[in-house]
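**Student:** Sequence:
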Amino acid sequence: MMLKPGKKSLKNLIYKCNNCGNLQAMIKNETASHCDVCLKNNNKQAWLETKKEIVILTKNIKNIIESRKTFVDKISDKITLFCGNIYFVYIHIVWFGIWLWYNSAADQSFDPYPFGMLTLIVSLEAIVLA
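Per this note's numbering, the sequence shown starts with residue 1, numbered consecutively.
Hint data in this document are derived by calculation from the structure and do not stem from the laboratory.
The reader is advised that the hints may include incorrect statements.
[Said to hold, decoys possible] Restraint-style ranges between C-beta atoms, simulated for each label pair:
no., residue 1, residue 2, range
1, Asn63, Gln108, 30 to 40 Å
2, Tyr87, Met117, 19 to 29 Å
3, Lys69, Glu30, 36 to 46 Å
4, Trp101, Lys69, 33 to 43 Å
[To be verified] List of simulated lysine-lysine pairs, DSS-like, C-alpha gap at most 27 Å:
no., residue 1, residue 2
5, Lys51, Lys28
6, Lys4, Lys40
7, Lys4, Lys28
8, Lys4, Lys16
9, Lys8, Lys69
10, Lys40, Lys59
None of these values were measured; they are calculated from a predicted model.
For each residue, glycine too, the CB sits at the ideal point set by N, CA and C.
Whole structure, please, built from the sequences with the hints as guidance.
**Tutor:** Spelled out as C-alpha cells, the structure:
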C-alpha cells in the first residue's frame, strides 16, 4: 500500500520511498512527511510499506523501582508516609498540649518549666526525621 505525504499512517511500520529508497519510521496515525532527498530534487514521491513493523515497548517504571528497593528503603518510605500526613501534626498538637498542660498545672510535674525533656524529645525527633 502506498502512503502519500500529508496522509496519516495506518500502521506502525518502516516505510520506503518509492523513488530513492530512503527509509522512514512512522507510527500509527502519524502524518507522513516528504522524503528529504526527493524534496530537494523536486521529485514526487510516496511511501511504500515494508514488512518491518515497529514494536513499541513500555516498562512499568513504578514496578521496577519498587522491586529494587531494599528493606531499609521500604521502612523509610513507611516513616515518610506517616510523618508526611496531617494526622502526624494533629497527634503532636494534642501531645504537646497535654504535656504542657500537665507539667504546668500538676503539683508533681515530671518536666517542669522550661520543659527540658520535651525539648530533648522534640530535638531528637527532628534529627531522626531530617
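**Student:** Please write out, lowest number first, the hints stated earlier that are contradicted by the structure.
**Tutor:** 1, 9, 10
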